[in-house]
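These protein sequence lines map, in sequence, to chains A, B and C. All residue numbers for the first sequence refer to our numbering, where the first residue is 206 and numbers rise by one. All residue numbers for the second sequence refer to our numbering, where the first residue is 206 and numbers rise by one. All residue numbers for the third sequence refer to our numbering, where the first residue is 206 and numbers rise by one.
Because the hints were derived from the structure by calculation, they are not lab data. It cannot be assumed that every hint is accurate.
One side of the interface only, derived from the structure: several residues of chain B facing chain A at Cβ under 10 angstroms [as the list claims (entries may be wrong)]: (1) 238; (2) 316; (3) 369; (4) 549.
This one's a predicted model, so the numbers in the text were calculated from it and none came from an experiment. Even glycine gets a Cβ: it sits at the ideal position worked out from N, Cα and C.
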Amino acid sequence: MKFSQLAQQIAAADRTSLATHPNGDPEIIGVAAIEEATSGNLSYVEGSKFAAEVSKTAASALILPLDEALQTQATTRQIAWIATSQPRLAFAQAIALFYQPFRPAPEIHPTAVIHPSAQVGEEVAIGAHVVIQAGVKIGNQVCIHPNVVIYPEVKVGDRTTLHANCVIHERAQIGSNCVIHSGAAIGSEGFGFVPVREGWFKMEQSGYTVLEDGVEVGCNSAIDRPAVGETRVARNTKIDNMVHIAHGCQVGEACAMAAQVGLAGGVKVGNRVILAGQVGLANGAQMGDGAIASAKTGVHGNVLPGETVSGYPAVPHRLYLKASAVYNRLPEMYQTLKRLQRQLGNDS
Amino acid sequence: MKFSQLAQQIAAADRTSLATHPNGDPEIIGVAAIEEATSGNLSYVEGSKFAAEVSKTAASALILPLDEALQTQATTRQIAWIATSQPRLAFAQAIALFYQPFRPAPEIHPTAVIHPSAQVGEEVAIGAHVVIQAGVKIGNQVCIHPNVVIYPEVKVGDRTTLHANCVIHERAQIGSNCVIHSGAAIGSEGFGFVPVREGWFKMEQSGYTVLEDGVEVGCNSAIDRPAVGETRVARNTKIDNMVHIAHGCQVGEACAMAAQVGLAGGVKVGNRVILAGQVGLANGAQMGDGAIASAKTGVHGNVLPGETVSGYPAVPHRLYLKASAVYNRLPEMYQTLKRLQRQLGNDS
Amino acid sequence: MKFSQLAQQIAAADRTSLATHPNGDPEIIGVAAIEEATSGNLSYVEGSKFAAEVSKTAASALILPLDEALQTQATTRQIAWIATSQPRLAFAQAIALFYQPFRPAPEIHPTAVIHPSAQVGEEVAIGAHVVIQAGVKIGNQVCIHPNVVIYPEVKVGDRTTLHANCVIHERAQIGSNCVIHSGAAIGSEGFGFVPVREGWFKMEQSGYTVLEDGVEVGCNSAIDRPAVGETRVARNTKIDNMVHIAHGCQVGEACAMAAQVGLAGGVKVGNRVILAGQVGLANGAQMGDGAIASAKTGVHGNVLPGETVSGYPAVPHRLYLKASAVYNRLPEMYQTLKRLQRQLGNDS
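Using the sequences provided together with the hints, build the complete structure.
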């Protein structure tokens, strides 16, 4: 594809975007990271700190931020460029022009075991050794990769993809345009045990899990169903690998949870909340809309909308940065304090 | 079911329990969380802090603690109620009256691949695409969901359930009345490597994993087998999702481990120990009977029986609470200390 | 096997090793941990702190360190012994003499579904219900356990083992002599989303994952592929259970990562790096050759080659030990500081 054509297709919504090709209109044959790009590649940088990369890249074209110095640099090196306020978004759009994700043909493999009471929509791909149990409803253009198991009474919305070896448990409701990655378990039994004299009395988990439209769940994550009612993840929330969402959690829209995050039972998370890697939310924790927890944070109480918290136990991020800086001086502070006590004649 | 019938069936062991229906004997058709309950539902609250919920619930019946104010409140609102010292247990018993967990019929699916030397008990359900290898012994009334793989020489006790896509490795011994959830790996190879000049020399893991009766293991958890001897989880211990138990660990009876807990190799855990979410126990750590580690705690040494520890590195919980409270004042303390030093003429 | 024969086969490379059998040449029938060993067993200890175990073990033979006191002790108890500078390595070699890991016969199970365009080498074992998709190339003597799913265009090198229910995603390249444990996902889609007004714009992950020769990946771990380019784990690196390696990470040779470690996108890890359990490496973190992060450490910046770091945020291990020791005295320090302020007449 000619660079000029490509430039018309990406960053189209960004009226501030510019594009130029100082040395002819190069043929773009693929996308690459800037340090790996070769002739014919389009690449991108996100800010002026990447000037050194621009000075030596072999890319034929670049997506740049709205930064005149970088633009001049690219022009001088005779690299075609597009400048936009969102270079990463434009690069994502560019990848989609060159890369077609693997998608099996809409066929039902003869080794799939589908219960006669299950309903399957149109143009559905069902891979080898998939098991679909009683009362399941599968929408249109759904793609179910091999060895997926779907327990009874599950609903799967249109255009949703279930990757290999994931398991969808009884009564789960998965919306449209969702992606469940390999090995994830949706609607699995919540961890409900009441302590009794002999050990633990099992509380049956009679509820179900709901994933609204556009939710993604990463590899080997689990989203449990509760004793009564529902666990819910609202639309467009994206969940990375090995995330645990316990029974009865309520997660808002358009959140992002990085890998190995854990939510204890009944946790409430607002809209557009961001949880970085290995964050834990304890029983009763709440995160308001737009709140952020940085990596490894342990949240116990209520995080206000828009607040960023860090540390364990979680504190406002600015306080965390200050306290962490002082933490390294604790041994020195301890010695100083001892010395002052001696000086004042009151060490015990 | 009439409320009066239901009241006879739950909390039966609790002699202090009371039950009354101030406005006729309502028909109970299901159970629900108190904020979601509608007419015909039974719900529960655990303490007086839920008085506001009792004041507005639409539930027809409630399980209450032994709290006269709540009881009076329910009576005034003409809600039938049962009062007991263990409302959560009674609610768990009530759920079991209304909810029948999904259980496949005791049949062996024709697509299951079972080695001729395997022994399978009576009334066993074996789902589609299950693989059972040489020398495996399956007890009676076992339920094996689709796509489970059982390696050679495994034993599975009576009435145990193996959920979809879990894997039971060679020589593992799983007791009776166990539940292994989707994607869990039992008896997998321990992480045994000896550092050598070229990298790592693999120590073969010739041992096996034992789960005693009544153990549950959550989705995508793994309990490894050791180089020699056994990894053991004693009876009635309950393990949540994505828990890692390394080779050679010895875990006692009736413990509970929340999600994403990790036990390093050879860790010893006593009876009735509770490990909250994302706790880590390092090599050589020990937890005495009844000890508790709160969420995200990192344990290195020996936790005494009955002790509660928190933080990383783990300290007694009370000390942790105090130290955490001071942590937030570290920046302020540092400034104060500097000021005192200047005042005393000895800042360097 | 006679002890004398066994002694010739292990620790052969260690010229400093010694062996003696003070009471005849015992027949060794197996290996065991020292506290569980019975007559006919070979066991080992790693240092003088295990003298009490040597004094009471029922083992017929021991592998000892180069410690004369322990050797005398064994001789006195008429236990045959081998002394070496690396007892654990010698014990690993001894296990391999007695234990033959389970390995299925080199046959292709009739229920496996193999795309006609896939190429399969010689002496390959392919288990029941395995799915191998278009364009896959499988080397010689590969062992693929049941219910594994391999997406299109994957390469698997000679003598590699894929355990049950693992999933290898499109274009992944797995070297020779690798082991992928049950439920692991290799080459799965990286977590790539660009924030936009409506939520998140998906960045397609057009790259692939490379595992070089001799890499092991534990149960239910995931190693994602990036948007462009590759995620790479270099040769002989060993990865435990439930480890997350995000898109675009570059991991060096002969590293070891314990369970539940998480690497954020684009992290760079040098050669022979050791990451203990539950360590997290944030975006942009780097670990130099030979660096070590102790359990639960959270690394944000650049760890120098050979450095050991601990804590969250990570600091040099020695500083961490000192600061942790003082941490417990924070409440006391706070009180002391208040008292000094009062004494100096300047408390506010």
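We went through each hint and held it up to the structure:
{"no.": "1", "hint": "238", "verdict": "5 angstroms, holds"}
{"no.": "2", "hint": "316", "verdict": "6 angstroms, holds"}
{"no.": "3", "hint": "369", "verdict": "4 angstroms, holds"}
{"no.": "4", "hint": "549", "verdict": "6 angstroms, holds"}
The structure is consistent with each of the numbered hints, conforming to all of them.
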